Amino acid sequence: MADIRGFVGQNTVGAAADGSQVGLKSNRRGELVVMDFYTQMALEGRVFQVKAGTVTTPLVGDVVITNSAAEMCADATTGLTLIPVQFNASVRLATGTLHEYAIKSAAAVSTLGTAFVPLNLKIGGIAPRITARVDAAGAVTVTAELATTTTRHWSHSNPIAAAAGSEPAVLEWIPTAPPTITGPACLYVQIAATGTGPSYYASLDVIELPTEAVA
Amino acid sequence: MSDLRAKVGEGSVQTTADGGMADLEATRRGELIIIDWYAQMAQEGRIYQVRAGTITTPIVGDLLITDSAAEMCADAASGTTIIPCQLNVSVRLGTGILHEYAAKSVATASTAGAAFVPLNLKVGGAAATSTARAATAGGVSVTAETATTTRRHWSMSNPLAVGAGHSPVSYNWRPKAPPVCVGPACFYVQIAASGTGPSYYASFDYVELSTAAI
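As you go down the protein sequences, you meet chains U and W in turn. Each residue of the first sequence is one higher than the one before, starting from 5 at the first, in my numbering. Each residue of the second sequence is one higher than the one before, starting from 96 at the first, in my numbering.
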C-alpha cells in the first residue's frame, strides 16, 4: 500500500469551493494529474491581454525606432506584478526598410499614450488592476532605454522591405523564464521601420498578481 | 525509509474506478509519475476538434478578411466553458496577396454557417455539448470584432503571394495561457487574402468543461 493516494475522477468533474480541501486527483493508473501554472492562471482569470489593431484596422508602427517611443505597453503600479506570457505580431504591410521590433521592460511606468483596458482571457473574468496603452506611430511614451536599467526580452530585425521570396513569418515570443515585472514597472512593445511604418496586428498576454504573492 | 511512499507498477496497470482512491504511482527509482492536465483531459474524452478541409478537398478561405466573417468556430452556451489548446493551419495554395489568418474569441455565440459536429479526440468518447461551424469563404458569422471585447490569440500576415523562394511553413498555435471561453462565448478562426482566397486545411482542438468545474 502506498502512503499517498489520489482520488480517481475519470468520468466525473470536481467542483470544490474556495477554501475547502479537495482530494488530489489521479487517473485510474495512479498517475497524479498536474496542471501547469499558466493554464491555472488563465482559469483563475489572472491573464490579461493588450491588443493593437482590429480586423480592417491594423495599426501603423513608428518611423524609426527611438529609445522612449513604443506601440503598446502594460504598466504595473506599486503593489502589482505582471508576468508576460505570450506575444504575437503579424505584419500586414512591410514596405519600409530596417524593420526593428522589440519587447522590453523598465522600472518606471509609461507616461503618455492612448489608454487601453486590458481584456481578461477568461470571458466574464475580473477587471484588471494593471493599466495599458496602445497607440500608433510610437505614441506611447516610456522611460528612455538604457543598457543599465532596461531589460530586453525579444527582438526581430529585417533590413529590407517585404518582396517576392520573403518568408511568411509568425512573430511570437513565449518566454521560458518570463521576466517578473514588479511595479512600478512597464513592459512595452516597439514596432518600427525606416521610410514607412509597418502595418500590423499584435497582442501581448500578461499575468497579473499582487506583488505580495511573488515577493 | 522515506516518509512518503508511492506504489511501483512497472509491470502492471491500475484500473481504479471513479470515486476510488488510487495508489499514486512511482517508478522503480521512486520518481513520482505525473500526467499533465491536457493529456488527462484527452483521456477523459473532454477534448474536441473542429476541422476544415479533407484530403482532395481543401477549403478556400475568404476574399479579404472582415470583422464578422470566419472560417470555423466553436460555440459554448451558458453553463459550458471551452478552452482552446491547439490550432494547425496548412496553406495549399497561396496565390492571393495580403494574407491574414487569425484566431480570436468573444463573449457571443456565432449566428450563421454550416454546422460541424465536433470530433472527440478520444475515439468512442462522449458527444460535445458545445457546437461548431465550418464554412468556406468566411461563411461563418461571428460578432463583429472590436478592440474592447474581442480577444486576439494568434495571427499571421503575409503581404505577398507564394512564389519561388518561399519555404513551406505550417502554422501551429499552442497557447501558454489558453483563452478561457466561459459560455456564452465563441472561439473562431479567420483565413483570408486579397485577390484569391487561400486554399487550406485546418483544425483546432479545445477542452470542454462545465463552467461549474472552473
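Treat the hints as calculated values from the structure; they're not laboratory data. Each hint should be verified, as a subset may be incorrect.
[To be verified] Cβ pair distances, simulated, as ranges:
id	chain 1	residue 1	chain 2	residue 2	range
1	W	Gly220	U	Thr155	44 to 52 Å
2	W	Ser265	U	Gln44	38 to 46 Å
3	W	Val212	U	Thr155	42 to 50 Å
[Unchecked claim] Heads up, simulated SDA-like pairs for lysine to any residue below, C-alpha to C-alpha not over 20 Å straight-line:
id	chain 1	residue 1	chain 2	residue 2
4	W	Lys271	U	Glu216
5	W	Lys271	U	Gly13
6	W	Lys271	U	Ile178
Please read all numbers here as calculations on a predicted model, not as lab measurements. Glycine included, every Cβ here is placed at the ideal spot set by N, Cα and C.
Exercise. When you take the CB atoms of W/Ser265 and U/Gln44, is the distance between them in 38 to 46 Å?
Worked result: 29 Å Cβ-Cβ, so the 38 to 46 Å window is violated.
Exercise. Should the hint that W/Val212 and U/Thr155 are 42 to 50 Å apart at their CB atoms be regarded as holding?
Worked result: 48 Å, holds
Problem set entry | W/Lys271 paired with U/Ile178 [C-alpha distance capped at 20 Å] | 7 Å, holds
Exercise. Is it true that the CA of W/Lys271 sits at most 20 Å from the CA of U/Gly13?
Worked result: 25 Å, violated
For this session: For the pair we were handed, W/Lys271 and U/Glu216, check the Cα-Cα distance against 20 Å.
Result: Since the Cα atoms of W/Lys271 and U/Glu216 sit roughly 24 Å apart, the hinted pair is violated (cutoff 20 Å).
Exercise. Has the hinted range 44 to 52 Å been met by the Cβ atoms of W/Gly220 and U/Thr155?
Worked result: 45 Å, holds
Going through the hint list in order, the structure does not satisfy hints 2, 4, 5.
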